[in-house]
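A.B. asks: Protein sequences appear in the order of chains P and U.
For the first sequence, the positions run 1 to 266 when my numbering is used.
For the second sequence, the positions run 1 to 266 when my numbering is used.
It is possible that some hints are incorrect.
Which copy is meant is left open, so a pair is good if it fits within one copy or across any two.
Result set (DSSO-like, lysine-lysine): computed pairs, CA atoms no more than 30 Å apart in a straight line [what the hints assert, rightly or not]:
hint : residue 1 : residue 2
1    : LYS101    : LYS203
2    : LYS212    : LYS34
3    : LYS211    : LYS147
4    : LYS34     : LYS203
5    : LYS131    : LYS101
6    : LYS50     : LYS211
7    : LYS127    : LYS211
8    : LYS243    : LYS131
9    : LYS147    : LYS203
10   : LYS243    : LYS127
Since the hints were derived computationally from the structure, they do not count as laboratory data.
Protein chains: 2
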Amino acid sequence: MKISIIGSGNIGWHLGLALENHHHQIYEVFSRQKSKASNLASMLYQATVKTDLDFSESDAELFILAVSDDAMSEVCQQIILPENAILAHTSGSKSLEDLQKLMLVHHDLPVKCGVFYPLMTFSIGKKLDLKTVPFCIEASDEETEQKLVDIAQELSNTVYLISSDERKVLHVAAVFACNFTNHLLALAKEITDSEDLEFDLLKPIIRETFKKALAVENPADVQTGPAIRNDQTIINRHLDYLKEDENLVEIYEVMTESIQHHQQSF
Amino acid sequence: MKISIIGSGNIGWHLGLALENHHHQIYEVFSRQKSKASNLASMLYQATVKTDLDFSESDAELFILAVSDDAMSEVCQQIILPENAILAHTSGSKSLEDLQKLMLVHHDLPVKCGVFYPLMTFSIGKKLDLKTVPFCIEASDEETEQKLVDIAQELSNTVYLISSDERKVLHVAAVFACNFTNHLLALAKEITDSEDLEFDLLKPIIRETFKKALAVENPADVQTGPAIRNDQTIINRHLDYLKEDENLVEIYEVMTESIQHHQQSF
């Protein structure tokens, strides 16, 4: 299939390379920063760099909208698609309806819209096997849905039909499981740094904690630490140590309370 | 060396087997629950099950006190050690001084005390290679310290001399990096469960998040998500979704604020 990619950030970069590996032709690459579009296009065999969003003469059948949520509205306002093309965004938080509405506000005719969302954190330049990445697919009609599912199944072993509401829930859960956990690791490093201790000392126990949490049925089953043991002596000693830093005290208290609260409800 | 183990929980179990593998003789095993002591002793070649804490006739040189913090005081009250024996606890949160004081309160003569703390989360029955586990060693005198370091270095490649104050800091940091993160994973599962979504969908992104956080210099450098992007639209949408659950709202708000606060201070 001829596919054009709008946006050349992390997701555009990863999808572009992976789709080409699976014998699709990346036809055009657009980015607001031309240099970024050129960088990505230079890694692809036949891609043209587009400097505007008029695709009326394009031969591409699928346009992957891999831009930030904030940029989506502006792109939808300016984009002109060829007849019968599919426009699919890659956002975890925008609904299918958001995209359809944006396209209808700025254009007279409805377009075939879809969602092509890889549930993964990407870093530009660091190749990642997409085979294990869950793809969440949704579309405005069955034909479009089938096309997007087919393409996703070439890239990944785990392709799901996920509604916009479900995708929102996954996104909220991922914020807890990924963004907030990453921040806790950053805070742990801040604590060890402040006493000139090596953060590396904690890495083996962090690795084992995660391995264990993902190996069991429910991470709650392997909860350890002073909160779950209701060890108030240690909790108080920790809070006393942290007392100079309001922010750390607040997180310690809220998380401890939540662990104890959940323990009771089991 | 002849070594006796007091306590047959996770740590006693792992240390007992590992020490025997390195040609030490586990001489005696004591547990308040005799059946647990018997279980551990049955996995060791020559260990005797002890049903009381009178070790005055024991040939062991080192007594590893692998009991819960709460039980430590009672054990110290009752224990009778042979002359010149070393008593080392395995706790992350008790200081060396705590142990020395307990022994002096209940006995006339000071004993050689130490800390032999493996910085790891253990599960009974699940063997784990101790080679990568950091051991934190501390002792009342240099000779004892050297003996404990020597034994730890047989078990592990990473042996550190860590003071009680430093160990407390490591323990606080581990609560953030392990206990609290594990709880966030449990909450993420709760969120997906509540909408009949598979938690498995999130596992690849969780694995990648942790791999990345531990591979970079500072996890803060790879922070992603709506909080660090100051994406208030998505933050509000998430809070609106969570609004029925006070506890989740509170965690979302506290963590989001903390991420944004730290971003500013860099």
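A.B. asks: Run every hint past the structure and note whether it holds.
C.D. replies: Hints and how they fare:
| no. | hint | verdict |
| --- | --- | --- |
| 1 | LYS101 <-> LYS203 | neither (47 Å within a copy, 32 Å between copies) |
| 2 | LYS212 <-> LYS34 | between (45 Å within a copy, 29 Å between copies) |
| 3 | LYS211 <-> LYS147 | neither (36 Å within a copy, 33 Å between copies) |
| 4 | LYS34 <-> LYS203 | neither (40 Å within a copy, 35 Å between copies) |
| 5 | LYS131 <-> LYS101 | neither (32 Å within a copy, 58 Å between copies) |
| 6 | LYS50 <-> LYS211 | neither (44 Å within a copy, 35 Å between copies) |
| 7 | LYS127 <-> LYS211 | both (23 Å within a copy, 14 Å between copies) |
| 8 | LYS243 <-> LYS131 | neither (46 Å within a copy, 35 Å between copies) |
| 9 | LYS147 <-> LYS203 | between (43 Å within a copy, 26 Å between copies) |
| 10 | LYS243 <-> LYS127 | neither (43 Å within a copy, 38 Å between copies) |
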